[in-house]
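Using the hints, position chain G against chain F.
These are the residues of each chain, in order.
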Amino acid sequence: MPLTLATRRRLMLAAPLGLAAIGGFGFLRLLDRMQTGRYDPHAVPNFLVGHPVPPFTTTAAPPGAGFSTADLQNLPQPVLVNFFASWCVPCRAEHTLLMQLQSQGVAIWGIAYEDSEAAMAGLLAAQGNPYARLGADKTGAAAIAWGISGVPESFLVDRGGVIRWHIGGPLSAETIAGTLEPLLRKYA
Amino acid sequence: MIPELGNFALALACCLALTQAVLSLLGAEGRDARLLAAAPALAFGQLIAVGTAFLALVWSNVVSDFSVRNIAENSQSQAPLFYRITGTWGNHDGSILLWCLVLALCGAAIAAFGGNLPSALRARVIGVLGAVAAGFLLFALTASNAFTRVWPPPMQGQGMNALLQDPALAVHPPILYLGYVGFSVPFAFAIAALIEGRVDAAWGRWVRPWALVSWCFLTCGIALGSWWAYYDLGWGGFWFWDPVENSSLLPWLTGTALLHSAIVVEKREALKTWTILLAIATFALSLCGTFLTRSGILNSVHAFANDPERGLFILALLGLVVVPSLFLFALRAPVLSPSGMFAILSREGALVLNNILLCSIAAVVLTGTLYPPFANLIGGVQLSVGAPFFDATVLPLAAPLILAMPLGPMLSWKRAALGPALLRLWWAALVAAVVGVIAALGWHGVAALGFVGSAWLILGAAADLGSRIRLFRIPLGESFSRLAGLPTSALGAAIAHAGLGVTIAGIAGMTLATQRVTFLHPGQSLDFAGDHWTLQSLVDQPGPDYVARTATLLVSRDGRTIAVLHPSERAFPVQRTDVTDTAIRTDFLVDLYTALGSVHDGGAEVRLRYDPLAPWIWLGALVMAAGGGLSLADRRLRIGAPAKREPRVAQVSA
Numbered sequence: 001m002p003l004t005l006a007t008r009r010r011l012m013l014a015a016p017l018g019l020a021a022i023g024g025f026g027f028l029r030l031l032d033r034m035q036t037g038r039y040d041p042h043a044v045p046n047f048l049v050g051h052p053v054p055p056f057t058t059t060a061a062p063p064g065a066g067f068s069t070a071d072l073q074n075l076p077q078p079v080l081v082n083f084f085a086s087w088c089v090p091c092r093a094e095h096t097l098l099m100q101l102q103s104q105g106v107a108i109w110g111i112a113y114e115d116s117e118a119a120m121a122g123l124l125a126a127q128g129n130p131y132a133r134l135g136a137d138k139t140g141a142a143a144i145a146w147g148i149s150g151v152p153e154s155f156l157v158d159r160g161g162v163i164r165w166h167i168g169g170p171l172s173a174e175t176i177a178g179t180l181e182p183l184l185r186k187y188a
Numbered sequence: 001m002i003p004e005l006g007n008f009a010l011a012l013a014c015c016l017a018l019t020q021a022v023l024s025l026l027g028a029e030g031r032d033a034r035l036l037a038a039a040p041a042l043a044f045g046q047l048i049a050v051g052t053a054f055l056a057l058v059w060s061n062v063v064s065d066f067s068v069r070n071i072a073e074n075s076q077s078q079a080p081l082f083y084r085i086t087g088t089w090g091n092h093d094g095s096i097l098l099w100c101l102v103l104a105l106c107g108a109a110i111a112a113f114g115g116n117l118p119s120a121l122r123a124r125v126i127g128v129l130g131a132v133a134a135g136f137l138l139f140a141l142t143a144s145n146a147f148t149r150v151w152p153p154p155m156q157g158q159g160m161n162a163l164l165q166d167p168a169l170a171v172h173p174p175i176l177y178l179g180y181v182g183f184s185v186p187f188a189f190a191i192a193a194l195i196e197g198r199v200d201a202a203w204g205r206w207v208r209p210w211a212l213v214s215w216c217f218l219t220c221g222i223a224l225g226s227w228w229a230y231y232d233l234g235w236g237g238f239w240f241w242d243p244v245e246n247s248s249l250l251p252w253l254t255g256t257a258l259l260h261s262a263i264v265v266e267k268r269e270a271l272k273t274w275t276i277l278l279a280i281a282t283f284a285l286s287l288c289g290t291f292l293t294r295s296g297i298l299n300s301v302h303a304f305a306n307d308p309e310r311g312l313f314i315l316a317l318l319g320l321v322v323v324p325s326l327f328l329f330a331l332r333a334p335v336l337s338p339s340g341m342f343a344i345l346s347r348e349g350a351l352v353l354n355n356i357l358l359c360s361i362a363a364v365v366l367t368g369t370l371y372p373p374f375a376n377l378i379g380g381v382q383l384s385v386g387a388p389f390f391d392a393t394v395l396p397l398a399a400p401l402i403l404a405m406p407l408g409p410m411l412s413w414k415r416a417a418l419g420p421a422l423l424r425l426w427w428a429a430l431v432a433a434v435v436g437v438i439a440a441l442g443w444h445g446v447a448a449l450g451f452v453g454s455a456w457l458i459l460g461a462a463a464d465l466g467s468r469i470r471l472f473r474i475p476l477g478e479s480f481s482r483l484a485g486l487p488t489s490a491l492g493a494a495i496a497h498a499g500l501g502v503t504i505a506g507i508a509g510m511t512l513a514t515q516r517v518t519f520l521h522p523g524q525s526l527d528f529a530g531d532h533w534t535l536q537s538l539v540d541q542p543g544p545d546y547v548a549r550t551a552t553l554l555v556s557r558d559g560r561t562i563a564v565l566h567p568s569e570r571a572f573p574v575q576r577t578d579v580t581d582t583a584i585r586t587d588f589l590v591d592l593y594t595a596l597g598s599v600h601d602g603g604a605e606v607r608l609r610y611d612p613l614a615p616w617i618w619l620g621a622l623v624m625a626a627g628g629g630l631s632l633a634d635r636r637l638r639i640g641a642p643a644k645r646e647p648r649v650a651q652v653s654a
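Each protein sequence line maps, in turn, to chains F and G.
With the working numbering applied, the first sequence corresponds to residues 1 to 188, in that order.
With the working numbering applied, the second sequence corresponds to residues 1 to 654, in that order.
These are computed hints drawn from the structure, not numbers from a lab.
Owing to the predicted nature of the structure, the values given are computational and were not obtained by experimental measurement.
Treat each hint with caution, since some may be false.
As the list claims (entries may be wrong) - Pairwise CB distance ranges (calculated):
(1) 557/G / 74/F: 50 to 58 Å
(2) 541/G / 173/F: 43 to 51 Å
(3) 541/G / 182/F: 52 to 60 Å
(4) 11/G / 173/F: 48 to 56 Å
(5) 62/F / 422/G: 51 to 59 Å
(6) 149/G / 139/F: 33 to 41 Å
(7) 514/G / 74/F: 41 to 49 Å
(8) 438/G / 181/F: 56 to 64 Å
(9) 96/F / 514/G: 22 to 30 Å
A virtual CB, placed ideally from N, CA and C, is assigned to each residue, including glycine.
Isolated chain G, as found in the complex:
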C-alpha cells in the first residue's frame, strides 16, 4: 500500500512539475498576475508530493518491504536502522528520487525566499526548475522506478553494498546532491535572464547566494567523499583522479568561477554573457557527471548502476536540458549589451584571470576524463588517463591561480596599482619564501612548493583582513570594532581563500607520507616512522550483519604508549564481501594510519602509514565552506539592488 502511495505521489509530482513549468512561464510571458501568483504554490505542491514519495520509499526501507524490487535487491532486514534509512539513496533508483527531492526543494526555496525578486523573474526561475524537475520525475517514474513490486517477494533482501555501511558515505550523497542540484537555480536564473534579454547588477546579486549555497554543499560533498576514500579504502589515498571524482570536481571548478564572475556582474555590469554561460555549463556538468557515472561509460572504481538503457534516458534528459539552453544562449546572448572594456590591472581583471585559470583547469580535467572513451570511439584504441597526466597539467595552471589569489582582493575596482597591493603583502611573501627555503632544504621539492603556496594563501588572507581593519596602524580596540563592522562577504572570502591554503598544506604534507606493509604475529613489533608499533592481539567479534576481525596495535614513543589502534576487517556473509576498517590516530598534525590486510597462519598483514598534515585536506575544505557560509550571511546579498527593481506585477490588481 505504502509503495503504491509513493508511486502515486511521484506521478502527481510529475504532473505538478509540468504544470509549474507551463503556467509559470506562460504567466511571466503574458504578465498574468493569477498565473504568476500560482507559481510559488505549485513549487510547494511539487515539494510536498515528491517529499511524500521519498518518505514512502524510506518507510518501505525501514520496514524492509522486500516486495519492492529495489529494496529486495539493495537491502536486508538485519542491517542497522540508520543504514536501512540511508540505504534509500544508496542505489540508483533511490538516488534519482533523492535528486528529484532536492530539485523540488530548490523550487520551493525560490518560492519561499525569492520574495525580493521581481515576480516575473521569480515565475520564470520557478518555471525552468519545474521543467527540469518534470524530466527527472518522468525518469524516476518510468526507467528507474523505485516502487516496482516483485512477486513472490523474497524472504530476505540481497543485502546492501557493504561499503555503503559507513556514516560518511551514508550522508555523502545528500550533501553532494544539494551541491549538484543546487546549481539548477543559477541555471534557471540564467535561462530566465536569456528569456528576458536582460542581465544587470541586480541579477548578479540575486544569483550569487544560490550559487554560493550550492558551492558550499558541493565543497563539503567532495571533501566527504575524499575523506571516506582515505579512511575506508585502506590504502591511504585521498584523491585518485578517478572519472567519478573528476565529474564532481568539474562543476566545482566552473561553479567557483561562477561565484567570482557573478561579483563582476554585480559590481561592474560586465562579463554578463560569460556568467550566463558559466551558469549553464555548471549545471550541465553536474548532469553530465550523473550521466557518466550511471551509464558506466567511464572506467571507474565506483560501480554504480552500469546500465546503458538508463544511460540513454539520462543522455536524453541531458540533451533536453543542455541543447535548448545553449540554443537560447546562441540566439539571445547577442542581445545582452556587450561588456565594456576594463583595465587588466583591477579587481575585475583579477577575477577574469581567476575565471580563465579555473576554466582552463576544468577543460584539462574534462579532456583527461573523456579522452579514453572518445579515443576508443574515434581511433578504436583502448587507453587510460591517470594521475600523472592530471598532476602534470593541473599543477602548472593551479600555481598562477594560487599566486594571484591573495593579490585579487587587494586590488581596487576599475583601475588599480600593483604597488600598494604588493606593499600590503610583502610580509606574507617574505614568510612564504622563508617557509619555501626551509621546506626545500628539508624535504622534496613538490612538498616545498605546496607549503609556499599554502603559506602565501593563508598569510595573504590574513594580510587582506589586516589591511582592511588597519591592524597595528590604529589602536587595537578600533581595529576590532572595524573587524566587527566588516562586511561578512569580505571576511568570508578571506576565510575561504585561507581554507584553500589549509587544504594545499595537507596535500603537500601527504607527499611526505611514509608507509610500510608488513606481516606480524601477535606480540611482534617493529619500529616505523620514529615510533614503536606492537601487534598485541587479533580477535574475532560478531556484529549485526557481519563478522569483524579486529587487531589491537599499540604505538609507543619514547617508551610511552601514545595510541591504541583497532584496525579491523568485516566480513559480510550475505553480500559475500569484506570491508576494511582502518584505525587512525590523529593529533591534527600527523595521522598514524593502520589497515588490516589478509589474516593467515595466526598473524596478519598490516599497513602502517605516517601521514603528516593529512586531516588538513578536509579541514581546509570545511574552512572554505564556512567562508562561503559567512559570505552568504552578508545582508547586502539578501537585499536586492533597489535602483533597478521593476514594479511587481502581482501587486497590480488583476
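So that you can see chain F by itself, here it is in the shape it has in the complex:
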C-alpha cells in the first residue's frame, strides 16, 4: 500500500525520536556492561593476539639488518617485538626497562617506526642497544600490518610464530613482573 505524502512526512518527522531511542537504549546497555565488567573502554586491543605474525617486512636499520615474517616463525625462544621511535618520549622511558630485560636474556626485536636512521642509531649508541634484531619501518606499512595505534607497542611472539600477548603503550616494571615474565616462562 503506497503511503500518502502526509504519512510519509509524519514518519520522517518521527525518525529523530526513533534514532534517539535506539541510541539511548544502546547507552543504557553499555552502562550496564561497564558495571558488570564486560566493557572496558580503555582497553587498547589488538586483533592479532592468538593469531600468527602477519605478513610484513622491515628494511635494514644499522646496526640491524631488518627482518620479516619468516624470521619470526621458527624461534628458539619467545621474542618480544617492540615498536619504538627515537622521537617518542615514552619510548625513552621504556628503554631502561628493555635494557634490563635484555640483560636477563629476553630476546627483544625492535622495529623503528617512521624514524630517521641517524637519530635512531645515535640513540642506541648513546644509551645502549637492547635489541637482538632491528628493522626499520619507514613507510609505516609494518605498523599497519601489526595494527598498532602508536609507539611504543609490544607483542610477545611464541616459538611457533603466534602472537600471545600485546601491550599498547610503554611497558612498566609492574607489567613486566606481573604479566610478561610469567608469559615468558609459559612459552619458553
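Chain G in isolation, oriented as in the chain F frame:
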C-alpha cells in the same frame, strides 16, 4: 554552616525551578496574566538561589573546608588562591553546579532581555528552561552533591588535579559551559514554538542572537581547550580527535548550522522544521557530550569522573530532555506549514548547502566517536577510531564547504545568478590559485590545499565587503562612509568567515611543523630548523605546592640570540604527578616550542619544535567569535519584527 547554607540554597533553587516550569507553562497555556508576570521573577529567584549555592561552594574552597568531601578529595590548602577558586569547577560535582548556574543565568537573561518577546512565548521559554534546570538541580542535589560532609575531616586535602593548575584550563569550563548550556535557550525557543505550533520570521529573529552568543562562547571554549592541549601537554598537538574533543565539536557544528538556518527562517520563512530540529539536536548533543564524558563510556585521555552510576543519572536526564522534545517534534512539526520551494541558486540555497555539509560533518564525527562502544555492544569487538578516519572523512566534506563559503554571501535571496558573484570573486580565486601553485611547489600537497582554502576564505570575505562598499568604484571617502553604514551583521559574517580562513592557515602551517627530541647536557647545543639551540642550565626551584626543574635554552639565529626559553617540569608531591610546562617563543608567524622530558645523568631530554603559523589556529577562532559578537551588535537583531507581533497579554488588565 556555609556548606549547609549552600545545600539549602540548592534545594530552594530546585523548588523554584520546578515552580518556574509549571507556573510559566500553565500561565502561557491559560493566558493568565498573573502567572505570565511571575515567570521572569521566578527565573531571577532561581538565579539568586543557585548563585548563593555556587558562592557557598567557592567560599568553602577558598577557606579549604576539608569537612566537605568534594573539597577534601579535590583540593589542598597550599594551592594558590586563584586555583582554589577555579578548583570549584575542576571536579565533577562542582562542574555540575556550574552547569546549573549557567542554566539559571540563561533563564534570567531571557527574563531580563526578552522584553521584546510576546509574553506568552517568553513565559514558555522560561518555563522550558525551568524544567531543564529542575532536572539538573535535582542531580546536583542528590547523585552529585558538592556539599556532602565527611567525618572526621582530614587535615589536608588529597590535592587538586595538577594539570588543572593552569590559567587557560581554569577558565576553560565556564566559557565552554556558557556555550553548551547557552544552546538551551534556542532549544527552549524551539519547544515553545512547537507548543504554539507557529514559527515565523520573528521567531527566527528572536532565536538567532541567543544561538549566536552561545556559538561565540563555544568557539572560544573549544579554541581554549585546543590551545591548552598544545602548550601544556608537551607534544605539540592541538587536536587529537579525542572523544571528549569530538563531543564539544558536535554541538559546535550543528550550532553553526543553526545560526545559518535561522537566517533563512527570518528572511524567507523557510526551513522551519529543520531549524527546530537543529535547535533540539544542538542542545541534545551538548547534553550527550556531558553524558559521554562523565559516564566514562568512551576511551578518552580526559579522565573526568568515570562513574557509571552518575552516567545513569545523566542518561535519565538526557532521556527526559530529548525524548519528550522529539516526541513533541514528531507530533507538532507536521502542523508547521511546510516550507515553500526555492531556487537552488540563491542565498537560501547556499545556506541549505551549508547546513547539509555541516550536518554531514557532524554525522561523520558522531559515527566515528560512537562506533567503538556500539561495535563492542553489537559485535563484541574492541576497536578504536582515530585521526586517520576523521582526517579522511572530514576533509572531503570540509572542502566543498570552504569552496562555497565566499560564494554564499554574494548570492541574492530568492533567485541569484552565479556569473555576477563569480565576477566579484575572480581576483580572490586568482590569488588563491597562485598561493596554491607556490605552496604546492614548495611544500606538501595537503599544506598547499590548506593555504588555498585559507586564501580563498580570507580574500573572499574581503571581496564581499569590498563589493558591498563599492571599493575602488566610487571615491574612497564614500566607500568608508558606506563601510560605517554597513549592517554589523554583514561585517560580522565576513569577519567570521575570514576567521575560519585564518584557522585553516594555522592548521595548514602545522602540517609543515618539524620537531626533534634530543638529549642535551648543560652547555651542549645543536642546530635545528635553521637556528642554533643551546641548553644553558638546568636548575631546581621550589614553588608553592610543587618543585620545578627549569631548563634555560638559548636560541640564536645568525649569531644573535633571538629567544631565551625556560621549559620546566613541575613535580607535585601531594598528588604524586609531574606536569610539563612548555616554553614557547612566538612571533605570530612561527612558534619555537620546547618541552622538557626526563632529566637524568646531569642532562635532559628536550623536545624542540618549529611550528609555522601555529598561533593562527586559535587567533582564527577568536576572529570568528569576534565576528559573531559584531553580528550580535546588529540592532536589527534586537528589535523584533514589528508586523507579526501579537498583543502583549500581560498588559491587558487581569
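Hints versus structure:
1. Separation of residue 557/G from residue 74/F is about 56 Å and conforms to the stated range, judged on CB atoms against 50 to 58 Å.
2. Range check, residue 541/G to residue 173/F: about 30 Å between beta-carbon atoms, so the 43 to 51 Å window is missed.
3. For residue 541/G paired with residue 182/F, a C-beta distance near 44 Å fails the hint of 52 to 60 Å.
4. Taking 48 to 56 Å as the suggested C-beta distance range, the pair residue 11/G and residue 173/F conforms, at roughly 50 Å.
5. In this structure the hint that residue 62/F and residue 422/G lie 51 to 59 Å apart at CB holds, the actual value being about 57 Å.
6. The supplied range of 33 to 41 Å is broken by residue 149/G and residue 139/F, whose beta-carbon atoms lie about 60 Å from each other.
7. A hinted range of 41 to 49 Å for the beta carbons of residue 514/G and residue 74/F is consistent with their spacing of about 42 Å.
8. Distance hint check: the CB atoms of residue 438/G and residue 181/F are about 57 Å apart, consistent with the given range 56 to 64 Å.
9. For the hinted restraint 22 to 30 Å between residue 96/F and residue 514/G, the CB-CB distance of approximately 28 Å keeps it satisfied.
The structure fails hints 2, 3, 6 (numbered hints given earlier, in ascending order).
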